[in-house]
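A.B. asks: My request is simple: use the sequences and hints to build the entire structure.
There are 2 protein chains.
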Amino acid sequence: MVNVAILGFGVVGSGVAEVLAKNGAQINRKMDNAIQLKYIVDIRDFPDSPFADKFIKDFAVIEQDPDVNVVVETIGGATFAKDFTERALRAGKSVVTSNKELVAQHGYELLQLAKANGANYFFEASVGGGIPIIRPLSQCLAANELTEICGILNGTTNYILTRMIKGGLSFAVALKEAQKNGYAEQNPAADVEGTDACRKICILASLAFGRHVYPDQVPTEGITGVTLADVGYAAACGRKIKLIGRAIRREAGKVCAYVAPHLVDEENPLSGVEDVFNAIMVKGDAIGDVMFYGRGAGKLPTASAVVADVIDAAKHITGNKCLEWGPGGDDVTTPPDALESAWYIRAKAASADVKAALGDVSFLARSGAPEHEVACITGVYSETALQEKLAGLEIASCFRLLA
Amino acid sequence: MVNVAILGFGVVGSGVAEVLAKNGAQINRKMDNAIQLKYIVDIRDFPDSPFADKFIKDFAVIEQDPDVNVVVETIGGATFAKDFTERALRAGKSVVTSNKELVAQHGYELLQLAKANGANYFFEASVGGGIPIIRPLSQCLAANELTEICGILNGTTNYILTRMIKGGLSFAVALKEAQKNGYAEQNPAADVEGTDACRKICILASLAFGRHVYPDQVPTEGITGVTLADVGYAAACGRKIKLIGRAIRREAGKVCAYVAPHLVDEENPLSGVEDVFNAIMVKGDAIGDVMFYGRGAGKLPTASAVVADVIDAAKHITGNKCLEWGPGGDDVTTPPDALESAWYIRAKAASADVKAALGDVSFLARSGAPEHEVACITGVYSETALQEKLAGLEIASCFRLLA
Numbered sequence: 018m019v020n021v022a023i024l025g026f027g028v029v030g031s032g033v034a035e036v037l038a039k040n041g042a043q044i045n046r047k048m049d050n051a052i053q054l055k056y057i058v059d060i061r062d063f064p065d066s067p068f069a070d071k072f073i074k075d076f077a078v079i080e081q082d083p084d085v086n087v088v089v090e091t092i093g094g095a096t097f098a099k100d101f102t103e104r105a106l107r108a109g110k111s112v113v114t115s116n117k118e119l120v121a122q123h124g125y126e127l128l129q130l131a132k133a134n135g136a137n138y139f140f141e142a143s144v145g146g147g148i149p150i151i152r153p154l155s156q157c158l159a160a161n162e163l164t165e166i167c168g169i170l171n172g173t174t175n176y177i178l179t180r181m182i183k184g185g186l187s188f189a190v191a192l193k194e195a196q197k198n199g200y201a202e203q204n205p206a207a208d209v210e211g212t213d214a215c216r217k218i219c220i221l222a223s224l225a226f227g228r229h230v231y232p233d234q235v236p237t238e239g240i241t242g243v244t245l246a247d248v249g250y251a252a253a254c255g256r257k258i259k260l261i262g263r264a265i266r267r268e269a270g271k272v273c274a275y276v277a278p279h280l281v282d283e284e285n286p287l288s289g290v291e292d293v294f295n296a297i298m299v300k301g302d303a304i305g306d307v308m309f310y311g312r313g314a315g316k317l318p319t320a321s322a323v324v325a326d327v328i329d330a331a332k333h334i335t336g337n338k339c340l341e342w343g344p345g346g347d348d349v350t351t352p353p354d355a356l357e358s359a360w361y362i363r364a365k366a367a368s369a370d371v372k373a374a375l376g377d378v379s380f381l382a383r384s385g386a387p388e389h390e391v392a393c394i395t396g397v398y399s400e401t402a403l404q405e406k407l408a409g410l411e412i413a414s415c416f417r418l419l420a
Numbered sequence: 018m019v020n021v022a023i024l025g026f027g028v029v030g031s032g033v034a035e036v037l038a039k040n041g042a043q044i045n046r047k048m049d050n051a052i053q054l055k056y057i058v059d060i061r062d063f064p065d066s067p068f069a070d071k072f073i074k075d076f077a078v079i080e081q082d083p084d085v086n087v088v089v090e091t092i093g094g095a096t097f098a099k100d101f102t103e104r105a106l107r108a109g110k111s112v113v114t115s116n117k118e119l120v121a122q123h124g125y126e127l128l129q130l131a132k133a134n135g136a137n138y139f140f141e142a143s144v145g146g147g148i149p150i151i152r153p154l155s156q157c158l159a160a161n162e163l164t165e166i167c168g169i170l171n172g173t174t175n176y177i178l179t180r181m182i183k184g185g186l187s188f189a190v191a192l193k194e195a196q197k198n199g200y201a202e203q204n205p206a207a208d209v210e211g212t213d214a215c216r217k218i219c220i221l222a223s224l225a226f227g228r229h230v231y232p233d234q235v236p237t238e239g240i241t242g243v244t245l246a247d248v249g250y251a252a253a254c255g256r257k258i259k260l261i262g263r264a265i266r267r268e269a270g271k272v273c274a275y276v277a278p279h280l281v282d283e284e285n286p287l288s289g290v291e292d293v294f295n296a297i298m299v300k301g302d303a304i305g306d307v308m309f310y311g312r313g314a315g316k317l318p319t320a321s322a323v324v325a326d327v328i329d330a331a332k333h334i335t336g337n338k339c340l341e342w343g344p345g346g347d348d349v350t351t352p353p354d355a356l357e358s359a360w361y362i363r364a365k366a367a368s369a370d371v372k373a374a375l376g377d378v379s380f381l382a383r384s385g386a387p388e389h390e391v392a393c394i395t396g397v398y399s400e401t402a403l404q405e406k407l408a409g410l411e412i413a414s415c416f417r418l419l420a
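For the record, the sequence lines run as chains X and Z.
Everything in the first sequence is counted per our numbering, starting at 18 for the first residue and increasing by one.
Everything in the second sequence is counted per our numbering, starting at 18 for the first residue and increasing by one.
Quick caveat, the hints were computed from the structure, so don't treat them as lab data.
Careful, some of the hints might be misleading.
A pair counts as met if it fits within one copy or between any two copies, since identical chains are not told apart.
Pairs of lysine to any residue, SDA-like flavour, derived with a Cα cap of 25 Å [stated by the list, open to error]: (1) K47 with G305; (2) K55 with E80; (3) K197 with G305; (4) K55 with G185; (5) K47 with L340; (6) K55 with G27.
C.D. replies: What follows is the structure, given as C-alpha cells:
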C-alpha cells in the first residue's frame with residue numbers, strides 16, 4: 018500500500034482527490050502497490066466533502082507518519098509550501114507538486130534534498146497543466162541534444178490574445194471577459210505581465226539545458242502593451258501575436274531565455290493554438306521539432322498530471338529517479354540582446370524616416386490607421402543593433418517575429 | 018556498462034548507431050551504467066562504416082553473449098525480426114524496436130515473453146517516429162480513463178494529401194512527387210492503402226484500452242479514392258481531408274478502431290498538420306484533449322525514439338517495467354458500422370434525389386464541377402443507416418466528418 022497525503026484542498030488539490038477516487042480502481046489494477054489517499058491537510062473545514070474523514074490540520078501528523086509515502090503539495094507560493102516540501106523530503110517521503118513558483122525558485126535545492134533522502138520530487142503539473150512535458154523532456158527526448166524550447170505557456174494570456182485576434186476585443190475588454198469566465202484572476206498581473214510564463218520557461222530551461230535558470234535571469238515582457246493595431250498589422254502579414262516563452266542553447270552552452278509577445282507565422286503550429294490551450298515546441302538535434310499541446314490549466318487536467326506523478330512516485334518509493342539539474346549561477350544565462358531575428362515595428366513617424374533608419378523594410382497596412390502611424394517588418398537584427406537604429410524614432414510597439 | 022547490439026543496419030539501425038555515437042557522452046553523463054554499442058548484425062558488409070569493427074553476421078553471437086543487455090531490432094517485418102526478438106527475450110535481454118508490423122501482430126505475446134524473462138520490450142519508435150507517444154500514454158496519462166485516440170499516423174499519405182490540398186496536384190502526381198523525394202516507397206501500397214496507419218492504431222488502441230487489437234479487426238481504407246474534387250468540396254466547407262486512424266472506447270469496454278479519410282474541421286488542431294508530420298490526439302476523462310506532434314518518420318527522429326528506449330531499458334536491466342496489455346479476441350472490438358457522425362457525400366445524381374434520400378443536407382459547390390455531380394454534408398448517421406439511405410444512388414465518395 019502506498020499512502021498519499023494532499024496538502025491544500027484548493028482547485029488542484031480537490032481535483033487530485035477526485036481523480037484518485039474516480040480512477041483509483043483502474044490505476045491500482047496496474048500497480049504492485051495500491052495507492053490510497055490517507056490525509057488531506059487544510060486549515061479550512063470541509064464537513065460536506067466526500068473526503069471529510071481524511072482532513073487534518075497539522076502537517077506534523079503526516080511528517081511523523083511513516084506510512085505516508087507520497088505528499089502532494091498543492092498549496093502554491095514559496096513559503097508554507099517550501100517548508101512542508103523540505104520537511105516531507107527530509108522524512109524520506111516523495112513530493113509531487115503543481116507549484117511552478119516553488120520549482121522555478123527552488124527546484125535545484127529541492128531536487129538535491131530529494132536525492133539526499135532517497136526520495137523523489139516530481140512536478141509534471143507545474144508546466145502545461147495536464148500536458149505531458151516534464152517526463153517526455155527528461156525521458157523520451159533523452160537521446161537528443163536539445164537546442165530550443167519555445168511555447169505558449171500561459172492559458173490566460175492566450176485566451177485574451179485569441180479574443181483580441183478573433184473577436185476584435187481590446188486588451189481591457191478581453192481581460193474583463195477572461196475574468197468573468199474564470200480564466201483570469203481578479204489581480205491578473207502574474208498572467209498578463211508574463212510572470213507565470215517566466216516561471217515555466219525557467220523550469221523547462223533548467224531541465225533541458227542542465228543548470229538552474231532563475232526567474233530574475235529571464236527578461237520578461239507581458240501582453241499589456243499589445244494593441245488591436247498590432248493584431249491588425251500582424252494579420253496583414255499572415256501572423257498572429259502570441260506570448261512566447263523561449264529558451265535557446267547559445268555559444269559555450271549558455272542559455273538565452275526570455276518571455277515576450279511574438280508575431281508567429283501562420284505556418285508555425287504554435288499559431289494555431291487558441292483560447293486557454295498551451296503548446297510547447299521542443300527542438301532537438303535528432304528529433305527535429307516536436308510539439309505537445311493541451312489544456313494548460315484547469316482542475317482536472319492539472320490533477321491528471323499530478324496523479325501521473327503520484328503513480329510514478331509510488332512505483333519508485335524505494336529509490337530516487339534522478340530527475341535533476343545542476344546549480345544556477347551568473348554563468349548560466351546570456352541575455353537576448355544579441356539574439357537576431359526579424360522584427361515588427363509600429364511607430365509614430367513618417368515612413369521616410371523609418372526607411373532612413375532601417376533601410377529595406379516591408380511596410381504593413383491596416384484599415385483605420387491614424388495619420389503618421391507606420392508599421393513594418395524589418396530585416397534581421399539583434400535587439401542591440403535594432404535599438405541603435407530606432408534611436409530618435411517614436412516607437413509604439415516592437416516585437417520579434419517567430420518563423 | 019550496458020552493452021547494446023543493433024540488428025539490421027538500414028535507415029533506422031544506422032541512425033541509432035549515429036545518435037549513440039554523437040550524443041553518447043551526453044547520455045552517459047546521466048547514467049549510472051554507461052551505454053556502449055558492442056555489435057551490429059547485418060548480412061551485408063559495411064567496410065567503410067565508422068562502425069566497421071562492430072559488425073558481425075551471426076545473431077547467435079549476441080544471443081550467447083551474456084554481456085549484451087539490450088538488443089535493438091530494426092530489421093522490420095515479422096519473420097527474422099520475430100525469431101531474433103523471441104530469442105533475445107528468452108535470453109533475458111531487453112529488446113527495443115521500431116517495427117510496427119511485429120508489435121501490431123505479436124505485441125501481446127512478445128510483452129508476455131519479456132515479462133516471463135525479466136526483460137523489457139519497448140517500441141516507442143513504432144508509432145509516430147520520434148514523437149513521444151507510447152511512454153506518455155502509458156505513464157503520463159495513467160491517471161485518466163482514456164476515451165479516444167485519433168491521429169494522423171502516416172507521413173507519406175499526409176504529404177500526398179497536403180500536396181493535393183495546397184498544390185492542386187492529383188493523387189497520382191502527388192504520389193510520384195513523394196516517391197521522388199524519398200517519402201514514398203516504389204511500392205507505396207502499405208502507405209496509401211492505410212496498412213501502416215492500421216498497424217499504428219492497433220498498437221495505440223492496445224496500449225490505451227488494455228487488450229490486443231489486431232490489424233484484421235480494424236476496417237482500413239486508404240487515400241487512393243480521394244480526388245481533387247473531394248479536396249475542393251472539403252475546402253468549400255472549411256475542412257481538410259486527412260487520413261485518420263481512430264480508436265474509441267464504446268459500450269461494454271469494446272474498442273471501435275478503424276482507418277479512413279475524414280473531412281477535418283479547420284478548428285481541429287489535426288487539420289493544421291501538414292507534409293510528413295504526424296500528430297496524435299488523445300482524449301481522457303480528466304485531461305481533455307492532448308496532442309503530440311512531430312516528424313512521424315525519418316532516420317534521426319526515429320533513431321531518437323529508439324535510443325530513448327535504449328536508455329530506459331538500460332535503467333531497468335534488472336527488472337520488467339510492466340508495459341503490457343491483455344490478450345486479443347473476438348470480444349475486444351466492435352466495427353464502426355454503428356458509430357455515428359456527419360458525412361461528406363459526393364454522388365453522380367440530381368440534387369433532388371439526394372435530398373429525397375437524405376433529407377436536409379448542406380450542398381457544397383466547387384468551380385468546374387461536371388453536370389450531375391452533387392456533393393453535400395449530411396446529418397448525423399451511423400454507417401449502416403447512411404448506407405441504407407444511399408441505396409440506389411451512384412456514390413463517388415463518402416467520408417466521415419471529424420469535428
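A.B. asks: Hints first: check each against the structure and report whether it holds.
C.D. replies: We went through each hint and held it up to the structure:
no., hint, result
1, K47 with G305, "between (34 Å within a copy, 22 Å between copies)"
2, K55 with E80, "within (13 Å within a copy, 48 Å between copies)"
3, K197 with G305, "between (40 Å within a copy, 22 Å between copies)"
4, K55 with G185, "neither (49 Å within a copy, 61 Å between copies)"
5, K47 with L340, "both (23 Å within a copy, 9 Å between copies)"
6, K55 with G27, "within (17 Å within a copy, 53 Å between copies)"
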